[in-house]
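A.B. asks: Those sequence lines, one after another, are chains H and F.
Numbering (our numbering) for the first sequence: 9 to 426.
Numbering (our numbering) for the second sequence: 213 to 377.
There's no promise every hint is true.
Computed cross-link-like contacts, BS3-like style, restricted to lysine-lysine with a CA-CA straight-line distance of at most 25 angstroms [claimed, not checked]:
id: 1; chain 1: F; residue 1: K350; chain 2: H; residue 2: K391
id: 2; chain 1: F; residue 1: K288; chain 2: H; residue 2: K391
id: 3; chain 1: F; residue 1: K221; chain 2: H; residue 2: K157
id: 4; chain 1: F; residue 1: K350; chain 2: H; residue 2: K87
id: 5; chain 1: H; residue 1: K391; chain 2: F; residue 2: K216
id: 6; chain 1: H; residue 1: K161; chain 2: F; residue 2: K298
id: 7; chain 1: H; residue 1: K161; chain 2: F; residue 2: K350
id: 8; chain 1: F; residue 1: K288; chain 2: H; residue 2: K264
id: 9; chain 1: H; residue 1: K161; chain 2: F; residue 2: K248
id: 10; chain 1: H; residue 1: K391; chain 2: F; residue 2: K298
Examples of chain H residues toward chain F, derived with CB under 10 angstroms [unchecked claim]:
id: 11; residue: P163
id: 12; residue: G227
id: 13; residue: V354
id: 14; residue: R423
Everything labelled a hint here was simulated from the structure, so no lab data went into it.
By construction, the Cβ of each residue, glycine as well, lies at the ideal position given by its N, Cα and C atoms.
Here's the letter readout for the chains.
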Amino acid sequence: MGKTIAEKILSRHSGTETYANEIAVAGLDFVMGQDGTSPLAIRAFNDMGGEKVFDSSKIAMVIDHSAPSPLEGVSALHKLMREFAADKGIKLYDIGCGVCHQLMPEQGHVVSGDLVIGADSHTCSYGAINVFSTGVGSTDLAAGMISGKLWFKVPETFKFQINGKLGRGVYSKDLILYLIGDVTADGATYMAAEYVGEAIDNLSVEARFTISNMAIEMGAKAGLMRADAKTEAWLKAHSDRVSQPVEADPDAVYAKVKEYDASRIGPQVARPHTVDNVSPIEEVEGTLIQQAMLGTCTNGRLEDLIIAAEIVRGKKISPDVRFIVAPSSRQVYLEAMNRGVIQALVEAGAAVVTPGCGPCVGTHNGVPSDGENVISTANRNFKGRMGNNRAFVYLGSPATVAASALNGKITDPRRYVR
Amino acid sequence: MELKGRAHKFGNDVNTDYIISGRHKFKTLDMNELAKYVMEDLDPDFYSKITSGDFIVAGSNFGCGSSREQAPQAIKCAGIGAVLAKSFARIFYRNAINIGLPVVECDTDAISAGDELAVDLSKGIIKNLTQGREIAVKPLPEVMITILNDGGLPAHFRKHGTFNL
Numbered sequence: 009m010g011k012t013i014a015e016k017i018l019s020r021h022s023g024t025e026t027y028a029n030e031i032a033v034a035g036l037d038f039v040m041g042q043d044g045t046s047p048l049a050i051r052a053f054n055d056m057g058g059e060k061v062f063d064s065s066k067i068a069m070v071i072d073h074s075a076p077s078p079l080e081g082v083s084a085l086h087k088l089m090r091e092f093a094a095d096k097g098i099k100l101y102d103i104g105c106g107v108c109h110q111l112m113p114e115q116g117h118v119v120s121g122d123l124v125i126g127a128d129s130h131t132c133s134y135g136a137i138n139v140f141s142t143g144v145g146s147t148d149l150a151a152g153m154i155s156g157k158l159w160f161k162v163p164e165t166f167k168f169q170i171n172g173k174l175g176r177g178v179y180s181k182d183l184i185l186y187l188i189g190d191v192t193a194d195g196a197t198y199m200a201a202e203y204v205g206e207a208i209d210n211l212s213v214e215a216r217f218t219i220s221n222m223a224i225e226m227g228a229k230a231g232l233m234r235a236d237a238k239t240e241a242w243l244k245a246h247s248d249r250v251s252q253p254v255e256a257d258p259d260a261v262y263a264k265v266k267e268y269d270a271s272r273i274g275p276q277v278a279r280p281h282t283v284d285n286v287s288p289i290e291e292v293e294g295t296l297i298q299q300a301m302l303g304t305c306t307n308g309r310l311e312d313l314i315i316a317a318e319i320v321r322g323k324k325i326s327p328d329v330r331f332i333v334a335p336s337s338r339q340v341y342l343e344a345m346n347r348g349v350i351q352a353l354v355e356a357g358a359a360v361v362t363p364g365c366g367p368c369v370g371t372h373n374g375v376p377s378d379g380e381n382v383i384s385t386a387n388r389n390f391k392g393r394m395g396n397n398r399a400f401v402y403l404g405s406p407a408t409v410a411a412s413a414l415n416g417k418i419t420d421p422r423r424y425v426r
Numbered sequence: 213m214e215l216k217g218r219a220h221k222f223g224n225d226v227n228t229d230y231i232i233s234g235r236h237k238f239k240t241l242d243m244n245e246l247a248k249y250v251m252e253d254l255d256p257d258f259y260s261k262i263t264s265g266d267f268i269v270a271g272s273n274f275g276c277g278s279s280r281e282q283a284p285q286a287i288k289c290a291g292i293g294a295v296l297a298k299s300f301a302r303i304f305y306r307n308a309i310n311i312g313l314p315v316v317e318c319d320t321d322a323i324s325a326g327d328e329l330a331v332d333l334s335k336g337i338i339k340n341l342t343q344g345r346e347i348a349v350k351p352l353p354e355v356m357i358t359i360l361n362d363g364g365l366p367a368h369f370r371k372h373g374t375f376n377l
């Protein structure tokens with residue numbers, strides 16, 4: 009019987025022939041935690057009687073959710089992480105290094121065919137480079153650090169066949185928002201998503217990360233893509249590890265298959281307060297905004313910053329808007345500086361903050377006020393997500409965010425993109 | 213083990229940001245402190261309405277969103293005996309079992325706010341005492357029963373040193 013990508017990776021890592029709905033105990037290639045989840049994992053590690061980690065070279069911790077620390081309580085948790093990492097000999101990415109989901113692939117920790125867990129729900133991001141990676145909680149993270157293994161229910165797979173090409177001013181963010189709006193927030197719950205087709209093949213690896221990143225917003229356990237020549241070239245530039253790409257068999261069994269035509273999709277916006285509350289930009293154009301946010305593990309990569317910079321270059325953002333930019337890593341930040349991208353954004357009026365998650369998760373660096381509207385490149389717009397449950401968060405592409413920052417209202421980026 | 217308590221009803225897609233907001237969760241490991249803010253963005257007074265042993269009864273996709281384990285921890289520390297929902301988001305579901313918070317998949321339309329319930333986890337029976345009816349329960353996977361019976365994943369690891377499923 010043919011296998012999906014998920015079935016193949018979980019079979020290889022469990023040393024069994026395993027299929028959807030079976031339970032597999034599988035070996036892990038990499039284990040990651042961030043500062044919102046690692047402190048509880050350290051407590052669970054000790055509670056489990058953990059002494060040594062299974063392999064210190066296969067674990068990393070990242071301080072990105074509150075970086076630098078805005079509060080005494082947070083500082084104590086960061087200190088706990090630093091001490092644990094030093095004691096166990098594991099890599100710690102401290103403040104300023106970047107967002108965990110940018111760092112794991114960028115620093116070469118994960119390659120095609122890997123099985124990876126991270127104590128953060130957007131760990132599914134690395135599916136874009138053919139990694140079965142999934143989010144877990146702190147106790148599972150602790151179990152992974154001790155044993156190098158985890159149990160998985162092998163997921164069924166939902167195949168998204170995306171034909172055609174995305175049009176001018178339309179990006180991978182618009183595509184994934186459209187898909188989430190179509191299947192809803194639990195449309196792929198307990199399943200792995202596989203994203204295939206011409207539209208996916210045409211995307212850069214950076215743009216693909218945006219799609220896999222948001223697989224969790226349709227409930228999926230993983231957001232997988234096949235590895236192609238672009239993936240291979242990208243991995244060569246970022247990792248010394250040998251990758252073992254996996255393709256789905258032609259006779260693999262899918263729980264669901266849906267087809268889409270990318271050429272019919274325009275810019276999309278998720279309205280407050282759920283990610284699946286998606287509408288074409290025409291329906292929300294003109295909505296006044298007080299804040300625009302460019303960054304996060306969804307859309308803070310170099311390509312995203314370039315797209316936004318090209319729109320605002322030589323112009324000034326609306327005086328009624330705060331435009332916050334958080335590059336997704338130090339490396340992205342430096343590259344963007346070298347290429348004049350940061351300069352274009354700052355000259356237009358942007359405020360650049362430390363690479364990290366702060367504005368997206370409401371810990372600091374841009375908490376909106378009561379009744380304010382925010383347009384953001386993030387992946388979630390839940391009530392209270394940005395730190396104020398009386399604010400309203402809209403989600404869109406980097407181009408939509410940049411165009412909206414210029415006008416002080418939600419704006420169709422096709423007005424600016426040639 | 214039979215749990216008895218009253219039902220507190222919530223809708224679909226209750227995410228972990230609603231269960232415990234990022235405003236609070238990154239600050240402390242004191243779960244009793246976090247428990248005071250459970251469901252704050254949906255019902256600011258929720259914590260004060262809980263009698264120990266009460267149930268959260270919700271629609272589909274309960275616990276979607278971030279992987280924060282503070283969410284089931286805060287629910288457990290607030291005195292909730294179990295969460296009943298039509299379906300759960302998978303990370304929350306795992307986390308709840310790992311920390312020993314019972315989660316039950318069932319048809320929650322058969323339960324109204326304030327109903328008195330008796331939940332027998334080992335037999336898989338929910339009795340709605342107010343409405344005088346029984347509600348069928350979708351059984352947990354065997355591995356999860358093993359972990360729950362050991363008292364959660366930390367206890368399972370203390371016992372076996374690794375996964376023994």
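A.B. asks: Hint by hint, say whether it matches the structure.
C.D. replies: Results of checking the hints against the structure:
1. F:K350 with H:K391: Distance of about 31 angstroms is beyond 25 angstroms: violated.
2. F:K288 with H:K391: 23 angstroms, holds
3. F:K221 with H:K157: 37 angstroms, violated
4. F:K350 with H:K87: Judged against 25 angstroms, a Cα distance of about 43 angstroms means the pair is violated.
5. H:K391 with F:K216: Status violated; Cα separation ~32 angstroms.
6. H:K161 with F:K298: 19 angstroms, holds
7. H:K161 with F:K350: Roughly 16 angstroms separates the two Cα atoms, so the pair holds.
8. F:K288 with H:K264: 36 angstroms, violated
9. H:K161 with F:K248: Outside the cut-off at roughly 34 angstroms; violated.
10. H:K391 with F:K298: 22 angstroms, holds
11. P163: 9 angstroms, holds
12. G227: 6 angstroms, holds
13. V354: Since chain F brings no Cβ nearer than about 27 angstroms to V354 of chain H, farther than 10 angstroms, the hint is violated.
14. R423: 33 angstroms, violated
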